[in-house]
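Engineer: Sequence:
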Amino acid sequence: MLSIFWDLGTTDVLSGAAWEYSPDQFHTILSADSDSYSDISNDYFAIKKLVLSFGDELRSQLILGAPGEELNALITLLSDNKHAADEGDLLRLAMTSEHDLAFSENIISFYQISKNNN
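Residue numbers for the sequence shown follow the working numbering, so the first one is 8 and each next one is one higher.
In case anyone wonders, no lab produced these hints; they're calculated from the structure.
Note that CB positions come from ideal geometry on N, CA and C, so glycine has one too.
Listed next, with one range per pair, are the computed distances between beta-carbon atoms:
no., residue 1, residue 2, range
1, Y51, E105, 17 to 27 Å
2, P30, G72, 50 to 60 Å
3, F117, P30, 46 to 56 Å
4, R99, E76, 19 to 29 Å
5, D31, G95, 45 to 55 Å
6, P30, I82, 44 to 54 Å
7, G75, D31, 35 to 45 Å
Build the full structure now, drawing on both the sequences and the hints.
Structural biologist: This is the structure in C-alpha cells:
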C-alpha cells in the first residue's frame, strides 16, 4: 500500500517524471522572441548579440571551414555594410581575440559598423 501511495504522490502518471514539492522554488520556461538576428534593426547590436551568444560555434565553423547557421547569419549581417564579409578575415579576428566580447568588438571595428546605423 505504501508503494502505491508513494508512486502516485511523486510521479507524473502521464510522463513518468518525478517531482518534489518545494515551496521556496519557482520554475520558469524561457523562450526566445525570435530565432533570427536579422530582426534587430541595428547591425551593431545584432552582431554583438550573435557573437556573444555563439562565439565558440563561430570559431569552430571558421576553423573547420564549414559555415553553419551562426556563421551564415554573421556573414549576412556583415554583407549589408560597406565591405563584403570574408571568412579569412573573420578567422583572423577570431584567433586574435581573447574572448567573445573582444571578438565582437574587433568585427565591428574591422567592418566599420556604426552604433547608430539602422
